[in-house]
Amino acid sequence: MKHIEAQRGRRERGSALLLTLLLTLVGALILGLTVDATSLLWVRSNAQTTANLVAAAVALEQQRNPAASQEYLVETARATAALNGYAHGVDSAAVHLELAEGKTSVLVEKDAGVYFLRVLRPQPVAVRARAGVEVPGAVKAGL
Amino acid sequence: MNRRRRQRGAALLEFAIALPFALTLFLGISDFSIYFWSQTRMEEIARLTVSRMTPGLPGYASASDAALTQFTRSLEETIRRDSGVADVSLALSRHFACPLADGKEKNVTAEPQLCEGERVYLRVVSDRAVAPLLGPLRLLGFPKTAFSRHVIRVR
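The listed protein sequences correspond, in order, to chains A and B.
Under my numbering, the letters of the first sequence match residues 6 to 148, in that order.
Under my numbering, the letters of the second sequence match residues -3 to 151, in that order.
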């Protein structure tokens, strides 16, 4: 009887430490994923603000210079995006302009840096934000 | 009796070993939450600032430096009131650029370049201290200020 109890005591000893260690590891993994997800949301929010500002800048240019060519407007958009930290072609950032009759839309995209999420998905996560503007008029998305 | 005492001692020791790890984890969660929340608030404030500025955009291009400073203070008060973030500070500065024939810009300067079709940008910087950083991130020199920087074209 004493022998059985001693064996059980030895088995139980260290179980709390092991359990805490396992829970800490799981907790750290969840924390890491949360950090990455929140970081992605933040980058997305930042890209959306940039898209809004670029759309507003293009609308201003279209009002000032109605005869501006598409290439000119694209470069104008990219100049504004670059001032906001999204230089086209640099660090995976891309700024696209779609011009339709009376409506202009801006697409800003960038690969977001993730760290812990790489465990589940090795490819970079592309963040995209779009803003539209009707000329003449105010920017629809956010401003 | 002795065995119980030994078991209780072992559990206490295990708890003492595990406690620093658990505390680090929890404080890390708390710090990251505070930081990201502050950054998100700054992003919201930047958008709010731009939306409050939109009606009078052309005015910022031609206003004097003194008028811009006065307007910055007034805008800061409005943003503090509307956002509910009492300790946010705001800074506005103008930048000038001349467009090239293809729409690109040569360089952006703080002084007017007085060229034809000169573009005027307003840099909006909002920041606030991230408080309080309780956990281990402070030891790692984690940023203590949340901020956002945006550039809006005003002319």
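To be clear, the hints were calculated from the coordinates, so they are not data collected in a lab.
Even glycine gets a Cβ: it sits at the ideal position worked out from N, Cα and C.
Possibly wrong hints are sitting among the right ones.
As the list claims (entries may be wrong) - FRET-style restraints, in silico, Cβ to Cβ:
1. K108/A to S60/B: 31 to 39 Å
2. A87/B to S97/A: 40 to 48 Å
3. A18/B to P127/A: 27 to 35 Å
Said to hold, decoys possible - Quick partial rundown of chain B residues pointing at chain A, CB under 7 Å, derived from the structure:
4. L21
5. F32
6. R43
7. L71
8. D83
9. G99
10. E101
11. T105
12. Q109
Evaluated hints:
1. K108/A to S60/B: 31 to 39 Å: Taking Cβ atoms as reference, K108/A and S60/B lie about 37 Å apart, which means the hint holds.
2. A87/B to S97/A: 40 to 48 Å: violated, 29 Å
3. A18/B to P127/A: 27 to 35 Å: Cβ of A18/B to Cβ of P127/A: about 30 Å, so the range 27 to 35 Å holds.
4. L21: Hint holds; L21/B Cβ to chain A Cβ min 5 Å, cut 7 Å.
5. F32: Where the cut-off is 7 Å and the nearest Cβ of chain A is about 5 Å from F32/B, the hint holds.
6. R43: This interface hint holds because 6 Å falls under the 7 Å limit.
7. L71: violated, 16 Å
8. D83: Given a least distance of 20 Å, the restraint on D83/B is violated.
9. G99: Since chain A brings a Cβ to about 3 Å from G99/B, closer than 7 Å, the hint holds.
10. E101: At about 5 Å, which falls below the 7 Å cut-off, the nearest Cβ of chain A leaves the hint on E101/B intact, so it holds.
11. T105: Since the shortest Cβ distance to chain A is 13 Å, the answer is violated.
12. Q109: This hint is violated: Q109/B lies away from chain A, its Cβ roughly 14 Å from the closest one there, beyond 7 Å.
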